[in-house]
Amino acid sequence: MSILDEPSAEGRFGEFGGRFVPETLVPACQELEAAFRDAWTDPIFRADLNQLLGEYAGRPSMLTECHNLGRSLGIRLILKREDLNHTGSHKINNVLGQAMLAKRMGKTRLVAETGAGQHGVASATAAALLGMSCKVYMGAVDVERQSLNVFRMKLLGAEVEAVHSGSRTLKDAVNEAMRDWVATVSETYYCLGSVMGPHPYPWMVREFQRIIGEEAHAQCRELLYGEDPDFVVACVGGGSNAMGIFSGFIDTSTARLIGVEPAGGAAVGRGVPGVVHGMRSYLMQDEHGQVQEAHSISAGLDYPGVGPEHSYLASIGRAEYPTVTDDEVVSAFQLMARSEGIIPALECAHAMAWIVREAPKMQGKVVLMNLSGRGDKDVGQMMEILG
Amino acid sequence: MTFGYMETEFRAKREQGRKLLVPYVTGGLTGWQQAIRAAADAGADAIEIGIPFSDPVMDGPIIQEASQRALDAGVTPLSIFEEARELEVGIPLAVMCYYNTIHHAGHERFAYQLVSAGISAAIVPDLPLEESGLWCAAADAAGIETVMLAAPTAPDERLPRIAVRSRGFLYSIGLLGVTGERLSLAASATALAKRLKAVTDVPVLVGVGVSNAAQAREACLVADGVIQGASVVRRLMDGGPEAVGEYVAEVRAAITF
Numbered sequence: 001m002s003i004l005d006e007p008s009a010e011g012r013f014g015e016f017g018g019r020f021v022p023e024t025l026v027p028a029c030q031e032l033e034a035a036f037r038d039a040w041t042d043p044i045f046r047a048d049l050n051q052l053l054g055e056y057a058g059r060p061s062m063l064t065e066c067h068n069l070g071r072s073l074g075i076r077l078i079l080k081r082e083d084l085n086h087t088g089s090h091k092i093n094n095v096l097g098q099a100m101l102a103k104r105m106g107k108t109r110l111v112a113e114t115g116a117g118q119h120g121v122a123s124a125t126a127a128a129l130l131g132m133s134c135k136v137y138m139g140a141v142d143v144e145r146q147s148l149n150v151f152r153m154k155l156l157g158a159e160v161e162a163v164h165s166g167s168r169t170l171k172d173a174v175n176e177a178m179r180d181w182v183a184t185v186s187e188t189y190y191c192l193g194s195v196m197g198p199h200p201y202p203w204m205v206r207e208f209q210r211i212i213g214e215e216a217h218a219q220c221r222e223l224l225y226g227e228d229p230d231f232v233v234a235c236v237g238g239g240s241n242a243m244g245i246f247s248g249f250i251d252t253s254t255a256r257l258i259g260v261e262p263a264g265g266a267a268v269g270r271g272v273p274g275v276v277h278g279m280r281s282y283l284m285q286d287e288h289g290q291v292q293e294a295h296s297i298s299a300g301l302d303y304p305g306v307g308p309e310h311s312y313l314a315s316i317g318r319a320e321y322p323t324v325t326d327d328e329v330v331s332a333f334q335l336m337a338r339s340e341g342i343i344p345a346l347e348c349a350h351a352m353a354w355i356v357r358e359a360p361k362m363q364g365k366v367v368l369m370n371l372s373g374r375g376d377k378d379v380g381q382m383m384e385i386l387g
Numbered sequence: 388m389t390f391g392y393m394e395t396e397f398r399a400k401r402e403q404g405r406k407l408l409v410p411y412v413t414g415g416l417t418g419w420q421q422a423i424r425a426a427a428d429a430g431a432d433a434i435e436i437g438i439p440f441s442d443p444v445m446d447g448p449i450i451q452e453a454s455q456r457a458l459d460a461g462v463t464p465l466s467i468f469e470e471a472r473e474l475e476v477g478i479p480l481a482v483m484c485y486y487n488t489i490h491h492a493g494h495e496r497f498a499y500q501l502v503s504a505g506i507s508a509a510i511v512p513d514l515p516l517e518e519s520g521l522w523c524a525a526a527d528a529a530g531i532e533t534v535m536l537a538a539p540t541a542p543d544e545r546l547p548r549i550a551v552r553s554r555g556f557l558y559s560i561g562l563l564g565v566t567g568e569r570l571s572l573a574a575s576a577t578a579l580a581k582r583l584k585a586v587t588d589v590p591v592l593v594g595v596g597v598s599n600a601a602q603a604r605e606a607c608l609v610a611d612g613v614i615q616g617a618s619v620v621r622r623l624m625d626g627g628p629e630a631v632g633e634y635v636a637e638v639r640a641a642i643t644f
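Line by line, the protein sequences are chains U and G. For the first sequence, this note's numbering gives the first residue as 1, with consecutive numbering after it. For the second sequence, this note's numbering gives the first residue as 388, with consecutive numbering after it.
For the record, the hints were derived by calculation from the structure and aren't laboratory data. Every residue, glycine too, gets a C-beta built ideally from N, C-alpha and C. Do not take every clue at face value.
Where chain G lies over chain U, by a calculated footprint (3+ residues, C-beta under 8 Å) [stated by the list, open to error]:
id	stretch
1	135-146
2	276-290
3	349-363
Label-pair restraints from in silico Cβ distances [as the list claims (entries may be wrong)]:
id	chain 1	residue 1	chain 2	residue 2	range
4	U	Glu6	G	Arg552	19 to 29 Å
5	G	Leu570	U	Ala218	55 to 65 Å
6	G	Pro542	U	Pro360	57 to 67 Å
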């Protein structure tokens with residue numbers, strides 16, 4: 001029986017997911033689901049998207065084996081290089097798909113939320129390419145710590161609005177983007193950046209990110225002479241890069257799937273099932289059901305919830321969701337830079353931090369890590385941290 | 388079918404030609420109990436008590452601020468229920484709460500918490516028809532009336548399905564957008580109320596974007612009544628409970644035809 005499947009008609013992965021949105025948005029979600037189904041089974045749409053992914057985003061992304069780190073850790077360490085995509089992360093895979101879909105649906109305006117700014121930059125890029133207007137909501141705290149990405153979005157012609165409500169991070173940016181969507185639903189397409197939100201987003205975004213795992217699976221078979229890696233590791237905020245790479249291995253291998261959460265934003269590790277942002281999933285909340293603020297060094301993982309399919313994979317034991325601390329992340333960030341000449345995004349440094357910590361238990365094993373973004377955007381922040 | 392407390396009251400008042408007025412007050416906000424008493428004395432037909440939530444996606448700046456103030460003051464759903472018990476205003480009380488508050492407490496448990504607080508209805512803005520089954524079953528069993536919301540974006544075939552599941556009244560969303568005051572009543576407010584009146588005899592009340600007495604009157608030309616949210620909460624925050632009483636009296640006068 002396959003685990004990686006379409007969600008139920010109600011948008012459920014097991015008991016997670018669903019469509020918990022204001023009534024105003026229900027018809028929009030239904031319309032989006034129908035449009036996505038139609039596009040995803042249309043060979044012309046698929047061909048057009050594949051062409052863009054190849055000629056514009058630079059796919060397929062390659063594998064890089066980290067010989068230096070692998071030798072010192074006693075493992076074979078292989079990176080899937082999503083950091084080399086145009087705009088610097090895996091976000092472009094999803095955004096090109098959604099922006100093409102928006103265009104096909106006759107929408108003229110994209111709204112997006114962003115944490116670290118990578119999804120915002122990708123959305124602004126796709127809007128520029130396809131001639132649409134774009135507004136990006138970003139928590140005021142993140143605007144501060146990711147100022148370079150804010151300016152990149154503006155250069156690309158997007159409007160960036162700092163969100164001052166709540167914890168002033170990604171969670172509040174999602175709230176504000178949803179409020180915008182409620183008010184402008186007829187002309188606006190909400191370009192959600194992760195495998196979260198109301199049905200069909202978790203499924204649709206996973207389908208758009210699936211290419212990471214499908215490529216990686218085939219590339220690993222070639223590199224490893226027909227074998228699969230023992231571990232597939234990715235960081236998890238909402239969880240799109242992890243769902244993308246896991247997709248290629250869930251049913252086709254016995255690899256252990258590891259989604260690494262920040263200790264201060266461990267939805268699966270510390271949360272209980274809850275409902276926010278349109279979905280039922282693991283959620284960090286207090287004893288009264290108020291959503292708690294996440295605290296992570298990385299803006300992209302500063303999110304108290306997680307995509308519902310991850311909750312499902314955790315509930316059936318197919319994937320594991322350990323945590324790492326900010327200190328471990330800072331060390332891993334530096335280690336990757338010095339050992340391999342690769343500066344990872346702080347988000348991906350979470351995956352590396354777990355690998356470094358657990359390497360003694362994985363001696364001789366093959367570990368595939370999704371390097372979902374590059375660290376240029378984090379250099380300023382690291383400069384402050386490291387003095 | 389037998390109606391609950393609120394729907395029985397509302398149908399009887401409508402029968403007598405009275406337009407229904409439901410002010411919204413954020414639970415736990417300074418002066419909230421006095422504001423509810425003042426509103427009841429000034430001619431409110433029911434009160435909607437907002438349960439503050441960390442992520443109120445259907446609310447604009449005013450109600451967001453009120454929620455945040457209440458949360459910062461340590462207000463919880465249980466502290467609101469405790470204080471609601473003391474109200475005894477002689478009109479039905481409803482809560483407006485986001486679904487996670489219910490989900491976290493447990494459906495049955497939450498329903499009985501409402502019953503024991505003397506609250507007779509619930510409005511859950513992020514629980515659309517398709518997701519409402521578990522809650523509605525628990526609410527029905529406890530005798531809690533679940534008010535469903537209908538939006539201007541709904542196709543015609545959807546409206547009767549929402550109406551038939553609604554208890555107490557039917558919440559007709561006045562515009563595309565979140566709660567908050569607007570300069571004029573959106574054309575969608577009366578248009579949707581008209582569509583709903585054509586498919587149901589459940590009382591239809593317009594809320595979201597009904598911002599003053601004149602707009603309430605305009606909405607009541609078509610609808611059975613109005614909900615007044617941000618305009619009430621702003622007065623409570625700026626002028627205190629008396630300002631709420633004065634405002635409710637003004638709206639009552641405006642919708643008395």
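Hint by hint, here is what the structure shows:
Here the stretch 135-146 of chain U counts 0 residues with a CB under 8 Å from a CB of chain G, which misses the bar of 3, and the coverage is violated. Counting residues of the stretch 276-290 of chain U whose beta carbon lies closer than 8 Å to any beta carbon of chain G gives 9, which reaches the threshold of three, so the coverage claim holds. A stretch counts as covered by a chain when three or more of its residues have a beta carbon under 8 Å from one of that chain; for the stretch 349-363 of chain U and chain G the count is 0, and the coverage is violated. In this structure the supplied range 19 to 29 Å holds for U:Glu6 paired with G:Arg552, their Cβ-Cβ distance being about 27 Å.
Between G:Leu570 and U:Ala218, the C-beta spacing of about 59 Å keeps the proposed range 55 to 65 Å intact. Distance hint check: the CB atoms of G:Pro542 and U:Pro360 are about 60 Å apart, consistent with the given range 57 to 67 Å.
In summary, the structure is inconsistent with hints 1, 3 from the numbered list given earlier, while agreeing with the others.
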